[in-house]
Amino acid sequence: MNPFAYDDKLEFLGVLAGGFVIIVALGTLLEPPWTTNEETAAAIVQTVGVVLSVLVGIAIIQVTYSRSLRDLLPGGE
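The numbering of the sequence shown is the working numbering, which starts it at 1 and goes up by one.
Derived by calculation from the structure, the hints in this document are not laboratory data. Keep in mind that this is a model prediction, so the values were computed, not measured.
Beta-carbon label-pair distances, calculated as ranges:
(1) L55 with L10: 20 to 30 angstroms
(2) R70 with G27: 19 to 29 angstroms
(3) V24 with R67: 22 to 32 angstroms
(4) G19 with G49: 11 to 21 angstroms
(5) L52 with L16: 15 to 25 angstroms
(6) A41 with F12: 37 to 47 angstroms
(7) S68 with I23: 13 to 23 angstroms
(8) K9 with N37: 35 to 45 angstroms
(9) S66 with I23: 14 to 24 angstroms
(10) G19 with T47: 16 to 26 angstroms
(11) G75 with T40: 32 to 42 angstroms
(12) A59 with N37: 24 to 34 angstroms
Heads up, simulated SDA-like pairs for lysine to any residue below, C-alpha to C-alpha not over 25 angstroms straight-line:
(13) K9 with T64
(14) K9 with P74
(15) K9 with I23
(16) K9 with G57
Cβ atoms here follow ideal geometry from the backbone N, Cα and C, with glycine treated the same way.
Whole structure, please, built from the sequences with the hints as guidance.
Set out below in structure tokens:
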């Protein structure tokens, strides 16, 4: 018997927060930055920001989710 069994109650909130960040980043791509900005450099920076936001969302999920991320994918075992 392990008296120090710990079940993280905030794991669910971490996965939700990471998923929210990813959804917002993908929603930003629905209105492409290059159509609203005339400067190419600014559009590139905005697009890189979207990619970095998706990576931050994945990192949040990776840090808070205690099992393998493959369990979250459809068909993951």
